[in-house]
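Here's the letter readout for the chains.
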Amino acid sequence: MQIFPFLVVAWIVAVGLYGLVTSRDLIHQIVCLIVVQSSTYVLLLGVGYVTGGIAPYFSDISAHTKPVVDPVVQALALTDVVVEAAVTALLLAFAIQAYKRFGTLDPHELAELKG
Amino acid sequence: MDQLYPLVIAVPLLTAAAMLAARPLLEKQRLVRDLVAVAASLSVVVMLAFLTYGTIGGDTVYWFGGFRPAGDVVIGIDFEAGPLSAGLACLGAVLMTASMIFAWKYFTQVGTYFHVLMLTFLAGLTGFCLTGDIFDLFVWFELMGVSAYGLTAYRPEERGPLQGALNFAITNSVGAYLSLSGIALIYGQTGALNMAQIGVAVAKHPADRLVVVAFLLVIAGLLIKSAIVPFHFWLADAHAVAPTPVCVLFSGVMVELGLYGIARVYWSVFGQSLGHRAAISHVFLVLGLLTAVTGALFCFRERHIKRMLAFSTISHAGMFLIGIALLTPLGLAGAAVYVIGHGLVKGALFLCTGIVLHRLGSVNEPWLHGRGRPLRVTGVVFTLAGLGLADLPPFATFLGKGWIEASAGAWLVPVLILCSSLAGGAVLRVAGGVFYGLGDPPLEDPRMAEAAAEETSETVGGKDRTPLTMIVPPMILVAAAVGAGLIGGLGRVVQAAAARFQDQSGYDATVLHGARITHPVALHAAGSTGVTALDVLAGLGSVLGALILAGLALYWRRLPVLRRWRPNPSVAAAARRFQSGVVNDYVTWVVIGIACLGGVFAFIIR
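First to last, the sequence lines map onto chains A and B. Numbers 40 to 154, taken from the numbering used here, label the letters of the first sequence in order. Numbers 354 to 959, taken from the numbering used here, label the letters of the second sequence in order.
Pulled out of the complex, with its shape left as it was, chain A reads as follows (with noise of 0.2 angstroms):
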């Protein structure tokens, strides 16, 4: 395993949560999750790397002629897109009723109101 990958991961969950953290807008600081989200896939794919490995279809190929990368960790990255969508949905609705019922996406703005 090389280093490399692990501190591309840890950039973007810090500038992910830099941007939840800063900013005053709902659809931004949803993205921002979006990036945080993105560095488990960087990483469940940089755990299961192996150096000149190939992708593990092993229709055409023994499975001991050549190394393969890890396909668990290439499921567990597509349960975790599922996982996204529901999520990154589920908040965009919210988003766009907030904006919809009270014209504002600034998260101090919303919190102030409540009251």
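Take these hints with a grain of salt, some might be off.
[What the hints assert, rightly or not] List time: in silico DSBU-like cross-link candidates among lysine-lysine, alpha-carbon distance up to 35 angstroms:
#1 A:K105 <-> B:K381
#2 B:K381 <-> B:K458
#3 B:K458 <-> A:K139
#4 B:K381 <-> A:K139
Worth flagging that the hints you see were computed from the coordinates, not collected in a lab.
Fit chain B to the known structure of chain A by using the hints.
Chain B only, in chain A's frame:
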């Protein structure tokens, strides 16, 4: 027996899917729809009760599709049921059934989506409790989470629910992704996703930095879910705005599931490898104490009844964490029984609050002062539940907390009594003021009527009668909380289950080799689960404390010492700034909290 494992997940999920498909028909047939949903939920209660009962003599494992492990290599996915895991899921199903029956007449316009989301939530919580696979733990966590976000914002036409749901969803999602990162790291280290197999693999070597980081990341998400200070901010916002029947589930079981997850990953995966039991115990004890005290103080000063109950939940989550952090069978058994008692009592309190909202159209305590007098039965149930929250014997809360105190030793007892007294006192203050008109009338505030009118669309206020389907569920919950405390032999069974839960080699043998462990090797000697005079005294002490605090809060203006005293506005402003409602601040606290926790772990585990 084995067929029950897939059914507890399949029944709620398939019912939810079928209801969604048949939505155009069901919108007209409200009775059919409600009956189907309640029946599905009730069947899950029965199945989980059977499962729990069947595991009293030893935990059982079910492999989906019959993919049993070969040696130490696990290919399949398993459900592992013990009295603690299946019992917690059963509690969740009971609360789910109670709140669905309550919701029958409660909502003015309840769509089928409500039932669908409730049933997927139920499937999520059951799967979370039973799964033996750490990635599935994340998936069930997210299934439960997404249903919960949707339920919180069930009334999107108001500002509060949307804002609360956004805060809830964003903070919890950040936590879930951190957990997933931890899971990925530990998978990279061990090549395993089954918790028992990971546990065996990491225990072969002393914990290196990667294992510690993975542990930190996995529990970070669970700490956020279980609302431990400083990760607790989302909870009060979400509870204050979610529909009241949903609050029953959030407070009664969702927060506790986070703590269950922490206990599960500690004892099944990381415990043996991490070592340093005393130091880890101290870290979590400090977190628990901080949470218990902060929650109790915020609870006592809150005047919005749902928010107040939410802060009481935070305080209790801290006390459960203390029970777990003692790392003794008695402490864990105490936490388990305390969770049952608290869940039932808190469920009853929220349902009674729902009745108040239904009849009087507000949950604002000062405005409600004396207006609840016609609600006699509700008042009695609310008061009893409040006494249960203050650990009155023989409620199950008293039993559970007594064991935690017995296991903790003398230094913790006063703090625990103080926290229960504050939370119970706040509830009894509401009971006295609202239902019996006790205490001085609150100073009139022009904003009071406005605040009282903010919760109108959830249910139609101003009804003349309380429907039977709304008052019976809280009564049953309170009766169950007393009944659970009176079961003979409960202590022995729960403590044996707790010892099995803490026995990592036993868990490995059960999952990987199909062993049935009846007498685990307890790391700590089992404590006495009898009730001594001292326990009763402690329980009565916290009830007395609650009564005194409630009396003080109701009558403080008549006391010569306090007559000149006025609430300090700067304290209120500071508290409001602390609990700002801005999600940016909450994420900041999450980052700070995890950084501090990571620093402490780096210092103690080398």
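Hints, verified against the model:
Note on K105 (chain A) and K381 (chain B): the hinted pairing is violated, with a Cα-Cα distance of about 61 angstroms set against a maximum of 35 angstroms. For the hint pairing K381 (chain B) with K458 (chain B), the CA-to-CA distance comes to about 15 angstroms; that is within 35 angstroms, so the pair holds. Between K458 (chain B) and K139 (chain A) the alpha-carbon distance is near 30 angstroms, which keeps this suggested pair within the 35 angstroms criterion. Taken as a hint, the K381 (chain B) and K139 (chain A) pair is honoured in the structure, with Cα atoms around 29 angstroms apart against an allowance of 35 angstroms.
Checked against the numbered hints given earlier, the structure breaks only hint 1 and satisfies all the rest.
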